[in-house]
Amino acid sequence: MSLSKILGTRVLSVVLAIAFCFGLDAFVTGQLNEYVVRLVMLAGLYVTLSVSLNLINGITGQFSIGHAAFYMVGAYSAGIVSNAIYKTQPLAAPAYMIISMLIGAVFAAIAGLIVGMPSLRLKGDYLAIVTLGFGEIIRIIVLNQNQWGGSYGYAIAPKYQAGWLIWLLAIICIATCRNLLKSAHGLAFLAVREDEIAAQAMGVNVTKTKVVAFIVGAAFAGAAGALFGHMESFINPDLFKMEVSFLVLTMVVLGGSGSITGSVLAGATLFILPELPRIVSFKMSLGLLLSVLVGIGVLVWMNRKFMEKYHEPDKLKRTLVVAGANIGLAVLAVVVGKLLNNIPQFGTTTYDANKIRYMILAVVLLVIMLLKPTGLLGHHEFSWDWVKRVLNRNKAGEASA
Amino acid sequence: MALLTLKDATIKFGGLTAVNKVSFDIEKGDLFGLIGPNGAGKTTCFNLITGVYEPTSGDIDFLGTRICGMAPNKIAEIGICRTFQNIRLFGTLSALENVMVGAYLRHKTSLLGGFMLTPAVIKETAELRKKAMELLSVVNLTDIAHSRACDLSYGKQRRLEIARAMATDPKLILLDEPAAGMNPQEKDELRDVVFKIRDDYEKTVLLIEHDMKFVMGLCEKIVVLDHGEEIAYGDPSEIRNNPKVIEAYLGEPV
Ligand SMILES: Nc1ncnc2c1ncn2[C@@H]1O[C@H](COP(=O)(O)OP(=O)(O)OP(=O)(O)O)[C@@H](O)[C@H]1O
Ligand SMILES: [Mg+2]
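Chains A and B, in that order, are what the protein sequence lines are. Those letters in the first sequence? Residues 1 to 401, per this note's numbering, in order. Those letters in the second sequence? Residues 1 to 254, per this note's numbering, in order.
Keep in mind the hints are simulated off the structure, nothing from the lab. Everything numeric in this text was worked out from a predicted model, so none of it was measured. You may find that some hints are simply not true.
What the hints assert, rightly or not - If you only want the chain B side, here are some residues facing chain A, beta carbon under 7 angstroms, derived:
1. G69
2. M70
3. N73
4. A76
5. R82
6. R88
7. F90
8. G91
9. L93
By construction, the Cβ of each residue, glycine as well, lies at the ideal position given by its N, Cα and C atoms.
Chain A with its partners taken away, still in its complex shape (with noise of 0.2 angstroms):
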């Protein structure tokens, strides 16, 4: 490619980039309700965070599961900034929105660098139990300050949505992470991932590449944190739990660690999970349980070819065997169902679905790793090639019956 189409393209992107999000934002806030409109604003936000999570877990290995205390750093510092600053500075709110943004990403990227340290000398279940400790350690200590008002909350001014910036910060995130890996600096990454000792031995700085991950991967969630302090307005320490953090692990390990593609997916609709309880009534929770167990039956059916090349050549006792596994999980749906039922805090008459949603996120994830364990979409990514490629094979398909 030269020199100017490249450049041409690259501009042509960043138009197209700013022209959806403020067309989104335009669309959003016009026609729709209040509540579907935070509904997008979140999912922006959480795509954010599954995508520079997984430039963490994901692309350079390091096992982080305690993202939700960058978010909170981010939302915190840059609503006592703004709370600080605000009113004397001269830029208009929206405009403002960008400078503390910034804010939330340069104290995030702090704490990413202090969290990043001990993931030089620490791997795998070590470096998750540190990460987890220091989510909590930040959440505690901000808990105890009262002039952040401690576990009654925190008031953020402005208030502001930011619609716009939320989607294009998921867009930087997303090109980011997405340029890194079609250049050869991604290769560092994905080396220290696969092998730590044999990167180093090829020259690969693994202690600036974590580090950098760490950094990145931070501010980027601290960003997001500082547009969902301004677009909450008031926040407290409980929004900042290691449900979060496990929420967001679970879209990265979920779409297929390492892919971006996988992580935007599943940043966009599990984000919904939390959600849950305000828009499903209790008994649709019920029928929500029904559907994944539903899903559950169409991944064992889509894994018949598993089935048929390893496990039994005789075709009628495959049929029985699938047909047995989803009869079983159709019972087991109709037991848990009853337990539930009988369990005294769930009551007689209703599903609390706002204590369902955790079960079902883990039995999501049990079948998905059971499965497909590289998740999702394992290491691959979407591209207009990859398009090309499964339109033709279709055509070529087509052409043969």
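Start from chain A and add chain B with the ligands according to the hints.
Here is chain B with the ligands on its own, set in the frame of chain A:
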């Protein structure tokens, strides 16, 4: 001045002295063999030279600089690269990408540029890819350039490791049992590759190998280790007839 000098290099793991006062000089352009029975300390020697371990005592100099205690990536940077006995490829990356990681050592663009995918980075990435492709052809792996490294056969993985190490542009390349698990035909090909590395690419080669026919036909100088101690040094015919070596390792004259 010798390219690499080991002087009384020693490392102890608790009570075990894995390498005991080993000294040898490798000159530029040497094809140097390191042999000895299992557990003699050969791989540990490689680990000392490449900075995985720091010697308990003694010196290792490369081009006149003391490299003990240097980080492995620094040592790769000044020109020593290696392959691993227990293959350590980047499994889910393609063969080409594996070699590109090696070539990446000589990159010039900044990481910030990588995050922004600047035109300079795009250009450099293409150059590294080209260089990696060339090296794959040296080890006859062009056809599997886009296969995942972990899907390759054992012999191909070993050759891929060599290409990856070569991509770092080392002055000295260390090969840890490159012929292990290869069939006779693959071994012949490997011999050609090693000669090509030395003669066409003008690298100095230090290799560990258990296949005596392979070593004797390839190396010009050989050091023999046993229980961490250096028991012999010389050219293949001297080693072949050295009674200590026959007793400790060869068993009977080869
Ligand atoms: N990190 C370590 N900690 C403890 N002991 C070690 C360590 N590394 C190597 N050793 C020991 O040092 C000795 C030499 O091992 P080394 O791997 O160098 O042998 P080798 O000559 O390469 O043998 P082989 O031909 O089987 O590859 C062995 O007894 C081994 O157990
Ligand atoms: Mg060995």
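Consistency of the hints with the structure:
no. : hint : result
1   : G69  : violated, 15 angstroms
2   : M70  : violated, 12 angstroms
3   : N73  : holds, 5 angstroms
4   : A76  : holds, 4 angstroms
5   : R82  : holds, 6 angstroms
6   : R88  : holds, 4 angstroms
7   : F90  : holds, 4 angstroms
8   : G91  : holds, 6 angstroms
9   : L93  : holds, 6 angstroms
The structure fails to meet hints 1, 2 from the earlier list, while all remaining hints are met.
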